[in-house]
Each structure stands twice: as structure tokens, then as C-alpha cells.
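Peer 1: Residue strings, one per chain:
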Amino acid sequence: MQNNVITGANAESILSTNKLIRNTYILLSITLLFSAFTAAISVLLRMPPSTYLFSIGGAFLLMWFVLPKTANSTSGIGVVFLITGLLGFSLGPILNMYLALPNGPQIVATALGGTGIIFLGLSGYALTTKKDFSFLGGFLFVGFLVVLGAAILNIFMTIPALSLALSAAIVMLMSGFILFDTSRMINGGIDNYVLATIQLYMNIFNLFISLLHLLGFSRSD
Amino acid sequence: MWLKIGTALLLGMMFFIMLPHAKDWLQNSPEAKPGDWLSFLVPLGCVAGLVILLMLAV
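Just so you know, the protein sequences line up as chains A and B, in that order. Letter by letter, the first sequence follows residues 41 to 261 in the numbering used here. Letter by letter, the second sequence follows residues 42 to 99 in the numbering used here.
One should not assume that every hint holds.
[Said to hold, decoys possible] In silico DSSO-like pairs for lysine-lysine, Cα to Cα no more than 30 Å straight-line:
{"no.": "1", "chain 1": "A", "residue 1": "K59", "chain 2": "B", "residue 2": "K45"}
{"no.": "2", "chain 1": "B", "residue 1": "K64", "chain 2": "A", "residue 2": "K170"}
{"no.": "3", "chain 1": "A", "residue 1": "K109", "chain 2": "B", "residue 2": "K74"}
{"no.": "4", "chain 1": "A", "residue 1": "K109", "chain 2": "A", "residue 2": "K59"}
{"no.": "5", "chain 1": "B", "residue 1": "K74", "chain 2": "A", "residue 2": "K171"}
{"no.": "6", "chain 1": "A", "residue 1": "K170", "chain 2": "B", "residue 2": "K74"}
{"no.": "7", "chain 1": "B", "residue 1": "K45", "chain 2": "A", "residue 2": "K171"}
By construction, these hints were calculated from the structure, which means they are not laboratory data. Predicted, not measured: the structure shown is a model, and the values here were computed from it.
Sequences are here, hints too, so could you generate the full structure?
Peer 2: Put into C-alpha cells, the structure is as follows:
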């Protein structure tokens, strides 16, 4: 009788984890498509560079102040679409800049493909091995703060080598965060699929932009 | 110039919002077990290799 109770509790936990993973990846897929749609609109409208700042600023304000309050209700899904739509729209000026380079479409397509391969590969690794990567928490968050600090300095110093190093560091950090966030879904640590979706989305977004920067640098004639 | 200032302010806000989370994770992160760091570094090495390959291919 006691073994049946324990097995029942385990089965419920497994079902709950599977439901979380399924809902997260479904919402992530839809928001990525929506984000690509708003990015395409921004590219076609040839939005000015200031769009990047205002769209990202709006998305971050929603993420920090609105999403935590709405994550447990259905309105949280609407907020996630708003955030990802704004972030996609912010990519327009950046994509137009890279598309104007020689071989620009190849750079953008390679960055997109590379982001997909990295995300799917790391997610698949975390999901199949079921390893607990929560030990990375301190390392990743502190690393991200160091990169943020250096990025703020580099806005005014504009050192190309530092900019490149920062992009490389962000690629590594976001890869770590993909493992970390996916592992938290499997092993506990996050139980809300709306928050899990936005975390994974931000990892993919930052990964794509940094990869674009690295590839654009390697191709610059 | 104002774009740079705006971006710096935004990143600065992000820094201060993430700071308590970083402190919390630094204090409360579980210890790594034997083999944990290797299981993290190997896929990261593969990512680095892929990025270098993509940079050479473009």
C-alpha cells in the first residue's frame, strides 16, 4: 500500500514535469514565430536605429514589472506575446544593417541556423541526460553581471576587440543558461511555463544577436 | 549620443535588477558533484567549435 502511494506521487510529479516542458516548448515555438513576424515587419518598414532602444526598453519594463504579477494568470500569455513581439520588432534596424553588408543574407541565415543548432543541441542534451545544472547558478549570474558592466563601459569607449570578446562571452553564457534553465524545468526550480518560456526566449534572443555580431565581424571586408 | 546614454541606462537598470538574484544564487547554489563541470564544459566546447566553424564558413 505504501509503495503504491510513493509510486503515485512520483508518477504525478513526472506528469507535472512533462506538462511543464510540453507547455513551455509549445509557447516558445509560437512566440519565436510571432517574434520573427514582427522582426520581418520592422525590416520591411526600415525602422530607424532608435527603434532598438525603445522596443527593448518597453519589453524589459514589461518583463521586470508586469510579467511577475501576471505569470500565474492567462493574461501572462498575452504579456509574453507583447514582450516577444517588441523584442522581435527591435531586431529590424540591426537586421537591416547586416543585410546591407556584402553577403548579408548569408550572415543572417547562418546566425539563425547556428542559434537553432546550439539551442536544440543543448536542450536535447539537458533533456536526455537529465543532469542537474543548478550548480551553475552563481557562476552564470555573476558572469552575466561582469559582461553587463563591461558592455556599459564599452558603449562609451567603443573598443572593437572588447565588443567582440563580449559577444563571444555572451554566446558561452547563454549556452550555459540554456542548460541551466532546461535543467531547472526537469529537476525542479521552476514550475511556471510562462516564466520558463521567457527565460529560454531571452537566451535564444541574446545568442542570436551575439552570433550575428561575431559572424558580421568575421565577414567585414 | 542620447541613444548611447539610453542604452547605458537600460543596461544599468538590468544590472541592478539582476544583482539580488546573482547574490542569492551565489549564496544558495548547490555544490557541483564530481563530473558536473565536465558535463558542462564538453557541450560548451562543442558550441565554441561550432561558432568558430560558422565564422570560417561565412
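Peer 1: K74/B and K171/A: Cα distance at most 30 Å?
Peer 2: Status holds; Cα separation ~11 Å.
Peer 1: Would the pair K59/A and K45/B pass a check requiring their Cα atoms to be no farther apart than 30 Å?
Peer 2: 43 Å, violated
Peer 1: Quickly compare the C-alpha distance for K64/B and K170/A to 30 Å and report which way the hint goes.
Peer 2: 26 Å, holds
Peer 1: Checking one constraint from the list: CA of K45/B to CA of K171/A, max 30 Å. Satisfied?
Peer 2: Not satisfied, since the Cα-Cα distance of roughly 41 Å exceeds 30 Å.
Peer 1: Does the alpha-carbon distance linking K109/A and K59/A stay inside the 30 Å limit?
Peer 2: 22 Å, holds
Peer 1: Tell me if the straight-line CA distance from K109/A to K74/B falls inside 30 Å.
Peer 2: 36 Å, violated
Peer 1: For K170/A and K74/B, compute the direct alpha-carbon distance and say whether it is at most 30 Å.
Peer 2: Measuring from Cα to Cα gives roughly 14 Å; hence the hint holds.
Violated hints, listed in ascending order, are 1, 3, 7; each of the other numbered hints is respected by the structure.
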